[in-house]
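Turn these sequences into a full structure, and let the hints steer you where they fit.
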Amino acid sequence: MLADAWHYIVTHPTQFGTALGVHVALSACALAIAALVAIPLGLVVARRAGWALAAINAANVGRTLPSLAVLALAMPILGTGFAPSLTALTLLALPPILTNTIAGILGVDRDVVDAARGMGMTAGEILRRVEMPIATPIVFAGLRTSAVQVVSGAVLAAFIGGGGLGDFITAGIAMMAVPQLLVGAIPVTLLSLAADYLFGTLERRLTPLGLRAA
Amino acid sequence: MISITGLSKRFADAAGPAVDALSLEIGAGEICVLIGPSGCGKTTTMRMINRMIEPDSGSIVVGGRDVTRVDPIELRRSIGYVIQQVGLFPHMTIAENIATVPQLLGWDRARIAKRVDDLLTRVHMDPARDRSRYPRELSGGQKQRIGVARALAADPPVMLMDEPFGALDPITRASLQDEFLRILRELDKTIVFVTHDIDEAIRMGTRIAIMRAGRLVQYDTPEAILARPADPFVEAFVGSDRALKRLSLLVVSDHAAKDPPPGGAPTVLQSLNLRDALSTLLSADAEVAAVVDAGGAIRGTLTLDTIRAAGDLKTEERR
Amino acid sequence: MQWFLRNWDQVAIALWEHVAISLTALSIAFVLSLAIGIVAARRPRVYAAALGISGFLYTIPTLAFLALLIPIVGLGRTNAIIAMVAFSLLILVRNITTGIRTVPGDVVDSARGMGMTQLQILARVELPLASPVIVAGLRVAAVTVISVTVVAAYINAGGLGTLIFNGIAGDHPPKIWAGALTACALAIAVDLSLAAVERRLRRTCTG
Chain E
28 MLADAWHYIV THPTQFGTAL GVHVALSACA LAIAALVAIP LGLVVARRAG WALAAINAAN
88 VGRTLPSLAV LALAMPILGT GFAPSLTALT LLALPPILTN TIAGILGVDR DVVDAARGMG
148 MTAGEILRRV EMPIATPIVF AGLRTSAVQV VSGAVLAAFI GGGGLGDFIT AGIAMMAVPQ
208 LLVGAIPVTL LSLAADYLFG TLERRLTPLG LRAA
Chain R
539 MISITGLSKR FADAAGPAVD ALSLEIGAGE ICVLIGPSGC GKTTTMRMIN RMIEPDSGSI
599 VVGGRDVTRV DPIELRRSIG YVIQQVGLFP HMTIAENIAT VPQLLGWDRA RIAKRVDDLL
659 TRVHMDPARD RSRYPRELSG GQKQRIGVAR ALAADPPVML MDEPFGALDP ITRASLQDEF
719 LRILRELDKT IVFVTHDIDE AIRMGTRIAI MRAGRLVQYD TPEAILARPA DPFVEAFVGS
779 DRALKRLSLL VVSDHAAKDP PPGGAPTVLQ SLNLRDALST LLSADAEVAA VVDAGGAIRG
839 TLTLDTIRAA GDLKTEERR
Chain A
234 MQWFLRNWDQ VAIALWEHVA ISLTALSIAF VLSLAIGIVA ARRPRVYAAA LGISGFLYTI
294 PTLAFLALLI PIVGLGRTNA IIAMVAFSLL ILVRNITTGI RTVPGDVVDS ARGMGMTQLQ
354 ILARVELPLA SPVIVAGLRV AAVTVISVTV VAAYINAGGL GTLIFNGIAG DHPPKIWAGA
414 LTACALAIAV DLSLAAVERR LRRTCTG
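Residue numbers (the working numbering), protein chains in the order written: chain E, 28 to 241; chain R, 539 to 857; chain A, 234 to 440.
None of these hints come from the bench; they were simulated from the model. Everything hinted at is true.
Simulated DEER-style distance windows between Cβ atoms: (1) E:Thr107 / A:Ile246: 22 to 30 Å; (2) R:Glu563 / E:Ala76: 36 to 44 Å; (3) A:Arg357 / R:Pro665: 53 to 61 Å; (4) A:Arg432 / R:Asp726: 52 to 60 Å; (5) E:Thr107 / A:Thr257: 28 to 36 Å; (6) E:Thr149 / R:Ser595: 23 to 31 Å.
Glycine residues also receive a C-beta, built at the ideal position from the N, C-alpha and C atoms.
Put into structure tokens, the structure is as follows:
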């Protein structure tokens with residue numbers, strides 16, 4: 028079966044390449060846009076108690092929504108294809124990043140922030156020099172969770188014409204052709220593991236030396 | 539150096555004022571200790587000096603400048619700030635921690651590096667070994683040493699210290715108090731020091747401000763407060779052992795007689811305080827002690843009578 | 234909306250199927266995780282291994298996992314349930330083990346001092362005190378399972394996903410709305426109820 032799957036890839040290189048490319052593009056863009064929105068939002072909202080709570084509650088609701096439901100809802104509203112898929116995936120990627128950014132900032136020791144303020148740092152300096160470096164590991168943990176979720180969600184984009192490796196899986200299931208199914212399932216699993224590994228490594232590397240477990 | 543006039547602050551959901559028309563003058567080079575029971579307003583007062591809390595009314599003038607008219611950020615960069623939990627930045631090395639305010643002020647790198655090394659030496663740590671270490675590697679006492687070094691970094695004329703040694707065990711606390719007093723003797727700083735520990739106040743303070751419910755109850759030297767507490771509250775606050783506390787402010791060498799001691803007398807160091815000397819005599823069940831110097835040479839004698847006379851409150855009050 | 238009112242029985246059946254599969258999967262996952270979690274609480278190496286394996290399984294994309302199971306177990310409910318159990322293991326094992334480990338040492342100590350056996354301590358002290366954290370894990374697992382069930386409709390497992398797929402295939406938006414919104418509502422309802430349970434347990438278990 029694996030040999031058949033490999034044979035399929037070799038005989039359909041452009042088809043596979045395109046699907047892989049679209050999948051990576053969807054995932055990367057959704058993650059990037061979500062990060063560009065959620066991280067600044069989280070930073071602004073974190074120290075305002077009422078807003079922070081509202082944001083966290085909204086994010087929690089967002090996290091419970093079944094991915095396929097969100098993607099499917101994009102179809103009657105936005106149609107099919109890349110853009111609607113990207114929109115839905117971006118929405119799915121937002122909650123973990125937002126929650127973790129807020130948690131990261133709130134997790135900075137109050138005494139450390141007090142000392143920084145007492146020493147004459149402006150609010151911006153405190154954010155840049157103290158809060159963000161300390162919150163970085165947690166923010167990246169959120170990015171990691173989101174990345175895995177987005178790669179998984181992008182598989183489902185096949186159902187609304189978004190392309191990606193999910194196309195092989197759905198085709199394989201529809202035609203009961205196991206090799207084709209594997210052509211989708213195995214690479215996307217590897218992609219997901221790679222994303223997890225990548226962000227895990229980034230999380231470790233970007234943890235300030237003073238904060239690493241001794 | 540610091541002039542506080544009619545300072546008041548009331549918090550939103552509080553029953554009474556946190557600070558109530560407080561007025562006091564702190565001279566340059568003095569250590570003013572703010573002390574009182576929980577909720578007396580000592581920390582609030584201190585935090586109004588660098589505008590971490592904004593006053594409702596009254597004025598605070600530091601070095602001739604009214605603090606409410608100065609940019610708070612600039613103000614705080616010119617005042618040293620040490621808190622009980624230290625608040626060292628865990629993600630920065632010790633050197634980077636100490637260098638924080640100089641960096642904010644734009645000093646050049648060479649000047650900062652030298653200053654960091656000087657300060658590390660001054661707080662009895664090893665620049666070569668310690669500058670690139672991280673806060674998590676330090677003990678509580680070492681952390682607070684760095685906290686003090688960090689506050690001294692930009693050489694501010696005024697320092698605010700909020701129970702800086704409160705989180706340490708008694709032995710470390712005592713040694714840090716001594717070290718800090720020693721450092722201060724070499725520098726010219728005005729310190730506002732908050733504590734709830736009367737022994738620490740007596741040890742550290744040039745003058746002690748006893749506060750209660752936001753008001754100033756007594757503001758005087760330790761000796762004066764111990765000899766003449768202003769009211770029953772102060773008397774209770776300083777403790778019923780204030781006679782002994784007063785003795786702890788006096789040194790053997792100032793009260794020793796030049797007579798030779800009898801054989802078999804217990805020894806006391808001439809640098810010891812009278813309270814500890816009294817303790818030595820009582821445990822040895824002796825009337826006379828031999829006063830010795832650090833090298834062990836005999837310098838004179840000290841008798842129980844001398845101690846009693848020195849600590850005699852009635853005599854003090856008559857004077 | 235019209236469609237929904239006229240065909241609410243279809244939705245109800247789909248909902249019922251959805252709840253049935255989810256509940257089955259969650260129960261199996263919970264029992265399995267309880268066994269693993271209790272052992273792992275006392276053996277760090279077992280814990281590390283359990284986290285490693287379940288973490289790996291969790292990273293596999295949903296549809297890919299279902300697809301990979303097809304050559305082994307075919308289509309249908311069994312396939313879906315195996316996938317759901319696999320995805321739920323990580324959060325449940327982690328929370329059960331952490332919950333047990335963070336029971337205050339002095340409480341366990343007094344229990345032992347009173348003469349309780351290991352099993353009694355587990356049943357009467359550790360698990361009850363760990364229950365808020367365990368329910369927190371159940372909450373996440375439940376939502377995960379509901380989400381997977383939506384996708385599993387594609388491999389003939391039934392559930393609300395059937396409405397969604399029929400809607401997409403037939404270009405019939407009302408079905409999509411009905412399936413998707415009901416699934417979202419179910420997920421939110423389950424999450425909020427378990428959150429309430431978690432809150433109640435936290436109150437009784439602390440102080």
